[in-house]
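Take the sequence shown: its position 89, counting from 1, is numbered 88 in numbering that gives the first Met the number 0, and each next residue is one higher.
Check the hints yourself; a few may be wrong.
[Said to hold, decoys possible] DSBU-like mimics (lysine-lysine), calculated; alpha carbons at most 35 Å apart, straight line:
no., residue 1, residue 2
1, Lys22, Lys87
2, Lys22, Lys132
3, Lys87, Lys44
Hints in this document: simulated from the structure, not taken from any laboratory.
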Amino acid sequence: MIVVSDTSPLSSLLQINSIYLLKSIYGKIILPNAVMDELNRLESKGIDLSAIKNADWIEVKSVHDFNAVENLMLELDRGESEAIVLAKEIHSDLLLMDEAKGRHIADLEGLKTIGVLGILVIAKNKKLINSVKEKIDEMKLKANFWIKEDLYKRVLESVNEI
0 MIVVSDTSPL SSLLQINSIY LLKSIYGKII LPNAVMDELN RLESKGIDLS AIKNADWIEV
60 KSVHDFNAVE NLMLELDRGE SEAIVLAKEI HSDLLLMDEA KGRHIADLEG LKTIGVLGIL
120 VIAKNKKLIN SVKEKIDEMK LKANFWIKED LYKRVLESVN EI
């Protein structure tokens, strides 16, 4: 399975020491350069990136169609734009992305997406974690993860935690 990731799912999971879930579920993750650049900026906030930088299962690739990136940047940030373009260029099976606007555009481009919440649901279903609620609450606390209350409840209901 070819999986490309935007910054936010990696950042959120990294900040709760759960980046390993991506390797357990997907095996390998590919990042565009802009996503790695955004992740590197987290170091200035005291976030340790060694779990990403030392991961032999995370690969950084360059996009080729910079015109497509520039066009997407009219609506999205560089990381999201490069993630969408790279996912299309390498014919990825899945794009990890949380932002609604980016996911909508990726969908219009024919890409399948999943966000960190979906990843946590898969992790629980595969018995890699015990509680989605604990992980979401930890992301809210440590990673400034924002979630609408109704979505929070729907996700927890889907995994029988409410």
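Discussion item. Holds or violated: lysine 87 and lysine 44, Cα atoms, limit 35 Å.
Written reply: Holds: lysine 87 and lysine 44 sit about 32 Å apart, inside 35 Å.
Next on the checklist: Just to be careful, I want the Cα atoms of lysine 22 and lysine 87 compared with a cutoff of 35 Å; is the pair within it?
Outcome noted: Holds - the C-alpha atoms of lysine 87 and lysine 22 are around 22 Å apart, at most 35 Å.
Would the hint linking lysine 22 and lysine 132 be met if the CA-CA limit is 35 Å? Between lysine 22 and lysine 132 the Cα gap is close to 21 Å, so the pair holds against 35 Å.
The structure meets every hint from the earlier list without exception.
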